[in-house]
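Residue numbers (this note's numbering), protein chains in the order written: chain A, 1 to 520; chain B, 1 to 520.
Treat the hints as calculated values from the structure; they're not laboratory data.
Among the clues, some could well be false.
Given that identical chains are not distinguished, each listed pair holds provided it fits within a single copy or across any two copies.
Stated by the list, open to error - In silico SDA-like cross-links for lysine to any residue, where the CA-CA straight-line distance does not exceed 20 angstroms: (1) Lys440 - Asn493; (2) Lys317 - Arg495; (3) Lys17 - Ala280; (4) Lys448 - Ala132; (5) Lys409 - Thr28; (6) Lys334 - Glu306; (7) Lys334 - Gly355; (8) Lys440 - Gln52; (9) Lys76 - Gly347; (10) Lys17 - Pro33; (11) Lys448 - Arg498; (12) Lys334 - Pro98; (13) Lys448 - Asn134.
Keep in mind that this is a model prediction, so the values were computed, not measured.
So you can see what is in the structure, the chains are spelled out below.
There are 2 protein chains.
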Amino acid sequence: MSTEPVLLAGSWRDSEKTGFFQSANPATGKLLPAHYPVSSWADCETALAAAQAAFAEMRTMPGETLAAFLESYAAKIEERAAELVAMAHLETALPKSPRLADVELPRTTAQLRQAAHAARHETWRQPVIDQASNIRSCYGAIGPVCVFGPNNFPFAFGSASGGDFAAAIAAGNPVIAKANSSHPGTTKLFAEAAHEAALETGLPAGAVQLLYRTSHSIGEQLVTDDRVGATGYTGSRSAGLALKRAADAAGKPIYLELSSVNPVVLLPAVLEEKGEALAAEFTTSCLMGAGQFCTNPGLVLLLAGETTERFIADLAKRFREAPVGTLLSESVRKSLHESHRILTGAGAEVLCGTGPGDGAGCCVANTLLRVSGAAFLGDPETMQTEAFGNSSLIVVAATLDEAAKVLEKLEGNLTGATYSAESGADDAAHDRLEPILRQKVGRLLNDKMPTGVAVSPAMNHGGPYPATGHPGFTAVGLPASILRFAVLQCYDNVRPHRLPRILRDDYEGSAQRWVEGRWS
Amino acid sequence: MSTEPVLLAGSWRDSEKTGFFQSANPATGKLLPAHYPVSSWADCETALAAAQAAFAEMRTMPGETLAAFLESYAAKIEERAAELVAMAHLETALPKSPRLADVELPRTTAQLRQAAHAARHETWRQPVIDQASNIRSCYGAIGPVCVFGPNNFPFAFGSASGGDFAAAIAAGNPVIAKANSSHPGTTKLFAEAAHEAALETGLPAGAVQLLYRTSHSIGEQLVTDDRVGATGYTGSRSAGLALKRAADAAGKPIYLELSSVNPVVLLPAVLEEKGEALAAEFTTSCLMGAGQFCTNPGLVLLLAGETTERFIADLAKRFREAPVGTLLSESVRKSLHESHRILTGAGAEVLCGTGPGDGAGCCVANTLLRVSGAAFLGDPETMQTEAFGNSSLIVVAATLDEAAKVLEKLEGNLTGATYSAESGADDAAHDRLEPILRQKVGRLLNDKMPTGVAVSPAMNHGGPYPATGHPGFTAVGLPASILRFAVLQCYDNVRPHRLPRILRDDYEGSAQRWVEGRWS
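Let the sequences and hints guide you as you build the complete structure.
Here it is, written out as structure tokens:
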């Protein structure tokens, strides 16, 4: 069987493969024609050796060269936009417009350009200079980075195009991209463009490499290899935790973005003030992209009462009436059904949905489940099963105390939102719940749904375990996201001409430096 | 058996103990009279509940209050300096002066005062403000921190007094201190002073707590508890890795400072220039404090040649003639002998030492071992066995290529130093080796021994695994060391009056903020 080539050590070549796979069009269920190789360790070995060699050049490469690559790559993505959008639409069924062409693609190129800015101006390095002691430090590149991309953002989180890729390269790290199996063709197009940009801008041969799939055990071997600096992973909790176990045991940093139910707390008085508007807002947020966002609001916490009942009834009506989106793959569909089975098995009531959807291709009916606060507290772990897709669980707490207990039992999440009345009538309840919620989430929102993740320097797309593997890092927002792929490097009494330029006394660049206790 | 009380939930009380232990005076080998309890889980449960309650207050406490505590505590340490020095000398045999009284104690109070400055001015929080998107973020407190202190710095790294303690408190985290078993009396005196300072400055009851010892399994249970934010551990690799496994599996950040051999590369021409001075400098650095520094130079890399042979002979003579220091405990002595047994068993030649020392009490003769680069490369893992104490391994590489291979095989270390000739005659060799060494160490030195660890904002007392558990963090140097005990917290559209003051538009404090892409 002839399969698509892998990108290793600077050239597209046949994989030393152990098998192959095809992706499917989720809108039709049909397999797509291309065959992609499942790589053996031999491919990984080639990739690691080339990445190590590339890193020796890239770690001290001028930021300008890295920036030139990232900008050239962004331009090439724009040139191939139609092709990328068509392929991603085929492989994911995500709408061509506005989603892929007008939202995700510009987001992706903007991220690459922001990463270029961070590389050029070295804004991520945080130079600290103690002239009296002649000790200086800054962040430096960590080493080759393995990137495992998710199924739900084939562009902006893609393993050869997304935020992890951009952040890793900006610090001077080669990337070994592992395509998500649901959109290998899209990832290949990106890798082609990146490879062309790398050739044109003088990046070394192993700067950008692409594998499509490996066995789990080979994936674990890859992230623990001595030559790897760190790994970025976005995807399912079970696969992510298996990689984490392996990487942890080897002492290799791994940054994970796993599951999150993104609790939204809607307090009684704000439901009185604008319940219908909130029901509309929630419906849009929860069903956007068939609910397949990491920050999809999958858990709604309400306080028992008549207004709450009216709100729930309105919400269920809107869910029933809203169009049903196509899911990313058959495995997403199966997994959503399985989550519903687990939640209802634990006592959640079905307000609407759980059955087959009437949308195109692979889909599940828009689903709302409901459970009491007491029932939630009876099995909080099961009740936090993520139902990835167009689905949410409503938790109705009998009292404010019970609502507080529900929040105390939450695992770590990417986001948590509170809505409270403009009148101030919810303030006491808010102030009781907010301190609990704050420590459970990376991003706290007021009066806003969590779905959108702005590419802002102030963004935190992160949070406590198990939303991620470490609560101190963000996967979105530059320059902060680069710190995941950086190490702190100190220079003690190092001769001036051997210092990185950014640490020298005669530095004339644009980066701000922490000198004698102040940014200057 | 009546035992010393533990400090739990704001009071000194009897431990719910499962046993007891005594510390010994390493200068005499005699047990000291006090009996310290081994805590059961019941003590940990009390500590965790109190820490959780304290955290609810401390996480939003004004930095001024935390600073007042840290400063009051520093002053109380100075008031009790004589008592602390006497007790630490009894328990560790470290010299009273200058070491304990004139170096380590002032270092400890200086760290506490620098942490107070960081808390007061919130220099650690890195506020980032995106006004256009109304998204803001900064670091916040992580939650109760367990601190396991090492045997070798009873003050400056002590679990209730050292760098981890100061950093955790500065961010608003309660500390559960686990005393090092070799100096429980010293740790108790610190906890008494800290407790008094906490009472006087209004810290909550669970802000500072002290346990002396637990079983390994209860220690593991402690660091994985839901109520714990993070753990700081400095000590032996085996105990540290057991805690790491447990904490990693629970998704709890743990910051480790484990073993490090701190390679020093002395190139041929600099040995020609000033071989005798270097031999003297190395001897002082390696034997200071009987070599019991985390940054003790335990591996010397030399290139074969006549100058090198003269240098080695000189070094061995100095080691034989230098006074032999007292080790911290019988277990350090045993472990040093065991390391020598492993290294010589793998082929290292004994130049001097390995036998009993002629110093006071618990000691081992000053030891120099030697191995060829080829022999090192035959079993690099064993050859990197840390010999904690007054001992070092000399590796003589036949060629520059072989030296490069030795460095490539090094594990992660805290420090790495190179010495090269002023004349420039070593520059080619230096430039070949430096890029390899740079990625293996947290702190790179030129023309300087690694032993001293300045408390500087530019310090990195950290490095790649297994020197530590994460290469992005430092255990020494403020405000950076605080980031280990912090989480990234984002506020998206949060109402202005609910924001931390440091993120508000009308902020008038002294912290610098990253606003619209600049520190201001």
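Cross-check of the supplied hints:
no.	hint	result
1	Lys440 - Asn493	between (43 angstroms within a copy, 18 angstroms between copies)
2	Lys317 - Arg495	neither (71 angstroms within a copy, 31 angstroms between copies)
3	Lys17 - Ala280	neither (49 angstroms within a copy, 58 angstroms between copies)
4	Lys448 - Ala132	between (48 angstroms within a copy, 16 angstroms between copies)
5	Lys409 - Thr28	neither (41 angstroms within a copy, 53 angstroms between copies)
6	Lys334 - Glu306	neither (36 angstroms within a copy, 72 angstroms between copies)
7	Lys334 - Gly355	within (12 angstroms within a copy, 68 angstroms between copies)
8	Lys440 - Gln52	between (38 angstroms within a copy, 14 angstroms between copies)
9	Lys76 - Gly347	neither (51 angstroms within a copy, 57 angstroms between copies)
10	Lys17 - Pro33	within (18 angstroms within a copy, 68 angstroms between copies)
11	Lys448 - Arg498	between (50 angstroms within a copy, 15 angstroms between copies)
12	Lys334 - Pro98	neither (27 angstroms within a copy, 70 angstroms between copies)
13	Lys448 - Asn134	between (48 angstroms within a copy, 12 angstroms between copies)
Checked against the numbered hints above, the structure breaks hints 2, 3, 5, 6, 9 and 12 and satisfies the rest.
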